[in-house]
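Start from the sequences and build out the full structure, keeping to the hints where you can.
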Amino acid sequence: MSSRTMTLSQAFAEGVAEEMERDPAVFVVGTDLFIRGGHWAQVKGLGEKFGRERIRDAPISEAAMVSAGVGAALNGMRPIVDLNFVDFVFGAMDEVVNQAAKIRYMWDVPVPLVIRGTAGVAFGAAQHNNQVEAWFAHMPGLFVATPSTPWDAKGLIKSALRGSDPVVFLMHKMQTGLRGEAGGPDDLVPYGRAAIRRSGADVTIVGYSIMASKALEAARRLEAEGIDAEVIDLRTVFPLDLETVVASVRKTGRLVVAGESTRIGGIASEVAAAIQEACFDDLDAPIERVGALHAPIPHSPALFKALIPDVADVERAARTALYREQPTEVPA
Amino acid sequence: MSSRTMTLSQAFAEGVAEEMERDPAVFVVGTDLFIRGGHWAQVKGLGEKFGRERIRDAPISEAAMVSAGVGAALNGMRPIVDLNFVDFVFGAMDEVVNQAAKIRYMWDVPVPLVIRGTAGVAFGAAQHNNQVEAWFAHMPGLFVATPSTPWDAKGLIKSALRGSDPVVFLMHKMQTGLRGEAGGPDDLVPYGRAAIRRSGADVTIVGYSIMASKALEAARRLEAEGIDAEVIDLRTVFPLDLETVVASVRKTGRLVVAGESTRIGGIASEVAAAIQEACFDDLDAPIERVGALHAPIPHSPALFKALIPDVADVERAARTALYREQPTEVPA
Amino acid sequence: NGGDPSGAQAAAATAAWAAGGEASARALSGRPTVTVVAAPPLDPDRPAWSESRKPGRGRRRYEVVGANLERPADDDELLALELGAHDRAAVAEWLEAMALIRVFEERAAPLARAGKIPGGMHSAAGQEAVAVGAVRALKPTDIVTSTHRSHHHSLAKGLEPAGIMAELYGKAGGVLGGRAGHLHLADFSIGLFGSNGIVGAGLGIATGAAVGAKLRGRDQVAVGFFGDGGANTGRTWENVNLAAMWELPLIAICENNLYAVETHLTAVVSNVTIADRAAGFGLHAVQVDGQDVVAVHDVVAEARERALGGGGPTFVEARTYRYSGHTVDDPETYREADEVETWRRARDPLVRAARALEAAGALEQGGLDAVLARAEETVAAAIEFAESSPWPDPATAADGVYGIEVNLEGKP
Amino acid sequence: NGGDPSGAQAAAATAAWAAGGEASARALSGRPTVTVVAAPPLDPDRPAWSESRKPGRGRRRYEVVGANLERPADDDELLALELGAHDRAAVAEWLEAMALIRVFEERAAPLARAGKIPGGMHSAAGQEAVAVGAVRALKPTDIVTSTHRSHHHSLAKGLEPAGIMAELYGKAGGVLGGRAGHLHLADFSIGLFGSNGIVGAGLGIATGAAVGAKLRGRDQVAVGFFGDGGANTGRTWENVNLAAMWELPLIAICENNLYAVETHLTAVVSNVTIADRAAGFGLHAVQVDGQDVVAVHDVVAEARERALGGGGPTFVEARTYRYSGHTVDDPETYREADEVETWRRARDPLVRAARALEAAGALEQGGLDAVLARAEETVAAAIEFAESSPWPDPATAADGVYGIEVNLEGKP
Ligand SMILES: Cc1ncc(C[n+]2csc(CCOP(=O)(O)OP(=O)(O)O)c2C)c(N)n1
Ligand SMILES: Cc1ncc(C[n+]2csc(CCOP(=O)(O)OP(=O)(O)O)c2C)c(N)n1
Ligand SMILES: [Mg+2]
Ligand SMILES: [Mg+2]
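Protein chains in written order, with the UniProt record's numbering: chain X, 1 to 332; chain R, 1 to 332; chain A, 1 to 412; chain E, 1 to 412.
Worth flagging that the hints you see were computed from the coordinates, not collected in a lab.
Among the hints, erroneous ones may be present.
To be verified - According to the in silico footprint, chain E covers these stretches of chain R (three or more CB under 8 Å from chain E):
id, region
1, 67-74
2, 160-172
3, 239-248
Everything numeric in this text was worked out from a predicted model, so none of it was measured.
We treat Cβ as the ideally placed atom computed from N, Cα and C, and that holds for glycine.
Here it is as structure tokens:
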């Protein structure tokens with residue numbers, strides 16, 4: 001593997017460090033950052049490098065952390081507010097939604113702010129496994145990054161730190177340690193541009209965050225059955241790169257959209273709704289949505305694994321889209 | 001009109017009063033309730049009737065109001081937390097999402113709590129016109145009521161106050177003064193049961209809250225063009241009564257779903273995604289979603305009226321579903 | 001023994017405890033022991049603003065500045081205010097500024113009731129001295145954030161009456177093209193970092209702006225206004241605590257006008273004052289007569305010095321009163337009309353300043369009328385401008401949501 | 001004059017001001033005047049818990065209860081605690097309860113590190129006296145809410161070790177079938193209204209439970225635990241204020257163990273104590289030695305009396321210390337190992353209680369070992385139960401989200 005191989009968290013930290021060197025306005029606010037480098041090593045090593053002023057530990061005051069970020073952004077800074085688990089954003093929701101998201105529209109000024117949170121389902125039970133990417137995608141004024149590779153984590157945080165809009169940056173718990181190649185100082189990843197991870201002719205599988213990875217794995221397995229799947233990683237759930245999906249569906253005529261969050265009201269539904277409209281005459285089968293049942297996440301692994309979609313669920317949905325298998329209750 | 005004709009707010013207040021008389025556990029917490037009866041007269045007259053203990057004014061502390069409601073519900077009460085504008089829920093989002101919504105699942109106890117907020121678009125600019133029904137519909141553990149008639153406002157609040165799950169109860173700013181007939185003490189309206197407001201053969205128009213009313217008006221106007229539209233009012237956006245919509249689409253073969261909130265990630269997308277799957281072979285045209293552009297709501301009426309959908313947008317979408325008109329940018 | 005007459009000592013003990021050092025106030029062993037953390041009275045004759053002091057060392061709870069901060073009694077006459085060493089011409093300009101606010105609010109109110117100002121408005125009539133006294137103690141480069149009651153702060157900070165009035169109308173000529181309205185007035189070019197429709201949120205933005213000022217090493221303070229009602233939201237205390245911890249150049253000004261919509265202060269503040277709450281967070285706290293423009297000015301000027309001297313933030317509870325209802329179409333069933341009359345007669349900030357200037361020979365007898373007349377002209381012109389300004393172009397309604405091109409339709 | 005030696009007077013003045021009555025502490029006219037709100041020292045010899053007092057009249061800032069609340073110095077020997085008038089057998093039972101917690105945490109920690117307890121755990125070793133002292137001052141019908149550090153509260157409230165351990169394992173035999181885990185232990189049948197994964201949220205639920213108790217006229221109090229870190233969230237102060245305003249039967253107990261994960265108290269609390277913050281909200285506040293089970297018990301017992309006597313809520317800052325890292329796999333790079341050793345040697349709550357019982361002849365010399373041995377047996381059985389308990393049925397994963405039948409699939 002290339003010398004640029006590292007974990008998703010390391011790639012994120014590298015991107016932040018590079019931008020902090022480039023731009024003195026960039027700083028990070030959150031808890032357990034300076035000594036520990038964050039609970040997912042997302043800013044590991046930056047404390048010694050940039051000092052307590054720029055790697056700034058705060059009291060457990062999420063509302064104040066985010067408002068401090070918003071106000072600082074309006075006064076010439078480029079803050080990253082690190083919320084630890086994204087679940088703690090609920091205590092700062094007004095600051096995100098009524099302030100950060102709306103200020104450019106109301107006041108015609110840029111709000112260069114990143115709100116980072118660790119998302120997705122893993123251990124931690126109900127209150128530490130909320131899925132909020134669909135919420136933020138529905139809220140005008142925010143961008144939502146959902147990287148599934150180290151390359152994208154670095155490229156997307158760098159773009160966010162050079163942009164002028166608030167970005168909710170979500171890193172999946174199960175992927176912060178994911179290893180892969182990361183780009184160099186100038187490898188930015190744009191917002192609203194999906195990546196075709198695998199090209200195929202039979203069925204299009206769209207995913208984001210961990211489901212992009214699971215979709216790719218499903219495609220590999222489907223190959224054995226002679227199913228040639230095209231896999232698209234949305235990379236950002238807002239903006240949504242619908243054009244790339246449309247082009248693919250025009251080719252395959254079949255679509256599976258996979259998200260880890262509860263199906264009802266999820267990103268997969270938005271993609272399905274838009275594509276059925278744009279590709280009505282191209283679709284040879286209903287669009288299949290892969291997602292979780294409408295339930296909180298329990299503590300016991302024996303239980304939560306039954307709620308969230310896995311690779312087999314994506315495979316099953318693809319077969320269903322190809323009329324190779326009757327729909328079963330998803331997730332099985 | 002019948003002697004039971006009243007405004008939507010009066011019907012809500014009547015429902016609350018009846019349940020407060022029935023059940024001493026019911027009480028209301030919020031601001032400006034006791035003297036004023038709420039800024040939309042939603043509990044007008046209840047202060048004198050039930051006293052300060054049960055019509056309970058609180059400091060401007062939304063988080064404490066909701067946690068007070070959650071804890072009281074767990075200790076034998078049936079609180080209504082009145083948040084005034086639903087926009088103020090952001091300051092209590094953890095209490096709604098991580099506490100109220102998840103407690104039954106985590107702890108196997110009922111949480112008979114109503115969180116009332118005035119929603120929808122009107123005057124008040126960006127921070128007072130958030131659309132959050134899709135957020136709460138995506139969050140397991142919550143019910144979401146979106147009445148469009150006095151009858152439903154009364155029937156749904158009564159059901160909520162006899163149920164055992166947390167309900168987010170949304171009343172549209174432009175409809176609190178809407179007049180219509182209200183039911184008697186025993187006319188409850190169930191959750192997850194849509195109402196067919198008009199039956200028709202050519203196209204199905206689904207709406208909720210104010211868009212249910214606009215859909216009905218659109219249907220009346222379309223009649224003049226010889227278009228016979230069926231109008232379905234969802235009444236609650238969680239649970240969603242998809243069965244009623246499926247039955248209608250099997251009949252009409254065409255579907256328009258209308259919500260006032262921004263189209264991206266809205267309830268209309270969820271309905272469209274589910275129906276394209278269930279009715280793939282029944283649909284003669286793409287499902288049309290009517291919604292707002294992805295922008296905050298501005299102060300000037302000249303501007304916000306251009307962002308949100310009106311009756312003409314629903315008509316246009318219906319014609320499009322009938323291939324009578326090319327799609328135009330919605331809203332026009 | 002456990003008796004501890006000095007809060008400083010207790011604070012030191014706390015610090016020692018936390019830091020692991022010897023306790024300075026260690027009690028004799030053997031319980032029970034009861035200690036109380038207390039502060040000695042200050043010399044009442046020492047001026048509040050002339051001595052330099054360390055912030056929030058806990059030695060005192062908070063200062064009280066002003067001749068009389070009690071609510072006026074029914075038979076009270078107009079309370080005098082003292083000009084102190086201030087340049088009379090400066091105070092005369094403050095009076096002009098207060099008069100502009102008063103007239104703006106009085107002329108705008110009926111326009112809101114008539115629907116000319118969509119969605120109504122919150123009038124700040126009666127609270128002019130807080131805005132003018134505070135803002136006149138700042139440099140133009142300093143930052144101010146405001147609340148739903150935004151006109152007095154905005155006018156004091158230098159926003160043009162015509163631009164505000166047109167904004168209230170929702171017209172294209174408004175300072176923000178009619179998008180923002182009276183809830184969201186802002187002009188970053190003059191340091192007005194927005195008025196906010198969410199109670200307490202403006203203080204948060206001021207706190208963040210103070211973070212920026214500190215990290216950038218700017219000679220700049222941020223002032224965040226909020227109300228007595230705002231003193232009940234958690235975000236207010238999170239931000240006050242953050243400012244105290246980070247020693248930010250923040251001045252948090254609570255305009256305590258006794259009411260939050262129809263909720264009276266005593267229904268939401270228990271046994272203590274709002275300044276007392278603030279003192280509990282360890283920053284310097286002051287209670288000031290908010291109807292005395294000079295007192296407010298002096299307290300804020302001192303707070304600015306303290307902040308820029310590295311002394312950290314200051315919390316100011318300004319006791320004031322609103323003459324209008326919560327909104328201009330508030331039925332006001334929650335207070336007696338003569339309560340308003342008493343405040344007008346005994347505490348009116350314009351009349352108090354005018355009387356003091358007259359006494360000092362800096363304003364001719366009855367000179368306030370001329371001042372108000374000039375304000376009437378300005379406001380009349382502002383209304384004229386708003387009336388004649390065109391409506392914004394509906395085609396622009398969705399512009400500027402993002403800094404880059406984005407599909408806002410959800411359709412490919 | 002403006003000098004005001006009595007907080008009570010100042011509070012009265014505030015009330016008078018707010019109510020519009022004559023001011024009791026009106027200053028002489030002519031400014032400047034400086035007043036300070038202060039409280040006189042209490043008689044150090046008066047027992048903290050024997051006198052009845054009105055809550056939060058502002059007369060004092062807060063009480064300090066305990067022989068020595070300072071952090072131990074390196075050379076400190078074990079600090080004695082006094083049994084006072086307590087029945088020795090009762091205190092001996094408290095020691096048993098504390099020993100069970102200590103052993104439970106020490107045996108569970110390696111199981112968490114080994115992955116037997118999915119997601120790890122937060123150990124409360126070192127904080128036993130706060131949980132046991134507080135809960136033993138309550139009636140079984142009283143309500144307790146806990147935090148992410150939940151085992152000591154849960155065990156003290158009477159949750160069975162086996163049911164807890166199986167819950168931590170995520171097994172079907174857990175008190176909540178493995179759904180809740182160590183972050184969300186609860187048992188409403190014994191008044192344990194949940195441990196909460198969100199900092200400060202448990203206090204909110206206790207506040208609401210206290211509302212219910214009050215409205216239903218129940219002879220019941222609610223105790224909400226949270227940490228020093230929790231004293232920084234806005235929701236904590238919103239709830240404290242609400243409880244003070246509504247005079248709720250709430251006891252808010254802040255377990256100040258000096259650290260929030262790796263953030264030291266002094267990095268987030270400025271110049272004041274946490275009890276000082278609370279006093280600013282006008283409710284009765286006490287600071288107590290959290291390593292003295294008797295002192296904690298007495299303070300909470302008094303608070304319960306106060307609450308049920310209509311005296312309103314009490315805020316308790318219990319100064320304690322955690323022996324483990326934040327989680328049991330915390331690298332603990334933020335503190336010296338000998339800091340932990342010093343606390344164990346000089347302040348251990350079990351040893352202190354044992355020594356006092358020995359001195360009183362209620363425990364034989366070295367009797368703590370026998371107590372711990374009994375706890376070992378109980379915990380060993382609990383682990384055995386957890387190990388042998390089956391996994392929950394995956395088919396039940398989505399059961400019980402709602403009280404009625406609902407389509408959870410989003411497909412008709
Ligand atoms: C978070 C939040 N809750 C409630 C409201 C509704 N509201 C607007 S102004 C107001 C009263 C504010 O009172 P105060 O802070 O004393 O300011 P004043 O109106 O007296 O200037 C309330 C409750 C709001 N805007 N934001
Ligand atoms: C709202 C919120 N923010 C952050 C966290 C992450 N977190 C869990 S425990 C903890 C530290 C809490 O410290 P403290 O309140 O002192 O309790 P202790 O761990 O010392 O018992 C933090 C920051 C959380 N659970 N909830
Ligand atoms: Mg007020
Ligand atoms: Mg702690």
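Taking the hints in turn, this is what the structure says about them:
no., hint, in the structure
1, 67-74, "holds (count 8)"
2, 160-172, "holds (count 3)"
3, 239-248, "holds (count 6)"
Violated hints for the displayed structure: none, as all numbered hints are satisfied.
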